[in-house]
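Enquirer: From first to last, the protein sequence lines are chains B and C.
With the first letter of the first sequence counted as 1, position 150 gets the number 150 in full-length UniProt numbering; the numbers rise by one all the way through.
With the first letter of the second sequence counted as 1, position 158 gets the number 158 in full-length UniProt numbering; the numbers rise by one all the way through.
If you are wondering where the hints come from, they were derived from the structure by calculation, not from laboratory data.
Any given hint could turn out to be false.
[Unchecked claim] Straight-line C-alpha distance at most 30 Å; calculated DSSO-like pairs for lysine-lysine: (1) C:Lys163 to C:Lys265; (2) C:Lys265 to B:Lys23; (3) C:Lys265 to B:Lys18; (4) C:Lys265 to B:Lys17; (5) C:Lys163 to B:Lys18; (6) C:Lys163 to B:Lys23.
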Amino acid sequence: MSGVSTELETLLGTRWKKPPLIKLSWLRWLLILGGAVYLVLAIASVEVNWSRVYEGLDRGGAFIMSFTRPDFLSRGGDIWNGLVESVVITVAASVVGILISIPIGLGAARNIAPLPVYLVCRAIVAVSRALQEIIVAILLVAIFGFGPLAGFLTLSFATIGFLSKLLAEDIEAMDRVQAEAIRATGARWTQWINYGVQPQVMPRLIGLSMYRLDINFRESAILGLVGAGGIGATLNTAFDRYEFDTAAAILLVIIGIVMALEYLSGVIRARVR
Amino acid sequence: MPVREIAGAKVWRRRTTGEAMLRWVGWLIGVAIFVWCWQQISASTTWFFVWDAPRIAGDIIDRATPPRWSYMEKLWWPIWDTINIATLGTLIALVLAVPVAFLAARNTTPSTWIIRPVALFIIVASRSINSLIWALLLIAIIGPGVFAGILAIAIRSVGFCAKLLYEAIEEIDETQVEAITATGASRWQVMVYGIVPQIMPAFAGISVFRWDINIRESTVLGLVGAGGIGLQLSGSLNTLAWPQVSLILLVILLAVVISEWVSAKVRGAII
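Bound conformation, chain B alone (with noise of 0.2 Å):
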């Protein structure tokens, strides 16, 4: 108990002080000290033309100003293609990138798939989550020329290192009684994934499927700016001749089918919980 006492003793009369963040001192006064050395480089380093900035901001006025007028229908053509490719990318690089990760993602789970097969999944996820779309894109617009099938196939590829990687996590963590219990009654392979692994995780399948629905409608707007198809082309060639109010109208179309589809995949998600 003296112990207790004199601590309290030595800490009357001194003022409290919130307790740090990072406790050791020497590497809190190390992080702000490097935190601030840097931070003069790197903005000493960035160059900024002024005045080409303050000539900007008429346009930039301009800009915010075209979303109160969005000129939907002088390009409406352009427009309407554009998204219509972008949806159709979206749903058939979706159902594939799903279709595939669904066995991949199984094999990636180390509590049900043996070791040679969890290493070669892994590296598949490994790979795929490394390269962005957007390089990917590149690369298969290079091979398989300009057009939708490039972008299809970019989405397919990144969607299967998500969906895997989230997939056989869960799988990790489901609990493996019921799935026993399934083993117990002489199931086969394929019966015991289907009624005792398949309801566990279902549900978290579903909603990341849909949310991955959402990211790949939102990727598939930029695939269009190295010719992979969809709506990235059109948004381009507005922003190249300066046609703001077109430019606004379509930024305003993707961030309401974003929004739908945001609302959408709530409403299923709550559904299935």
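Following the hints, complete the assembly by docking chain C onto the known chain B.
Expert: Frame of chain B, contents of chain C only:
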């Protein structure tokens, strides 16, 4: 329990006949939509190029190996730029995201009817548009360069950070806030002593997580002219300098792996 009689014996079924039919129709519609989408893609594809693809891919790999290592000396500066775009962009985004998050969280927003929907709209608008598109827009407005890249990353990250942060704020322990309020603290003091300490770990985690994503995104911003290593990538692609392209892709891959490792380590230390 749905049961079906087959030859006098009762056999357990997973679904009733009606349910099974409904599912069947649903699947049919789904498959029909997929087939239609595939036809659309197929119609606008030049299949001759696709059948030729293995040869082209082999050709590209042939040209791209070995990477031109001597090009590395021209890449150090773009790499530094790329890191700056990601880091400064993340910092600006965090500064902007904190007030937005406090306005969007149900328990700290000053008005649920007016300010909260505005804050939520800012979050959705920022999140639904890719940083490449933000970069395109900013380049049209303030000209190409690193600055446009930083702003593009910042605008894109505000929504992400604010969303995760306001969810963290909504999950705080209200009893601590009440304890601080009971001491007679002002609104700001409640925020500093009651709310901030609780969301600090989440805040640090979100920052590092977003920084990791931003390193990824900033490597390709140069494709549209917003500075960083992507500028070299698009230049090399346009001149068909495949050995340079393969070197740049290797550098990008390495940067992504390192940043993911750093972010995982830091988040592991915080949580």
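Enquirer: Next, verify each hint and record whether it holds.
Expert: Verification of the supplied hints:
1. C:Lys163 to C:Lys265: 23 Å, holds
2. C:Lys265 to B:Lys23: Given pair Lys265 of chain C, Lys23 of chain B holds - Cα atoms ~17 Å apart, limit 30 Å.
3. C:Lys265 to B:Lys18: 26 Å, holds
4. C:Lys265 to B:Lys17: 29 Å, holds
5. C:Lys163 to B:Lys18: At roughly 27 Å apart (the allowed maximum being 30 Å), Lys18 of chain B and Lys163 of chain C satisfy the hint.
6. C:Lys163 to B:Lys23: Status holds; Cα separation ~28 Å.
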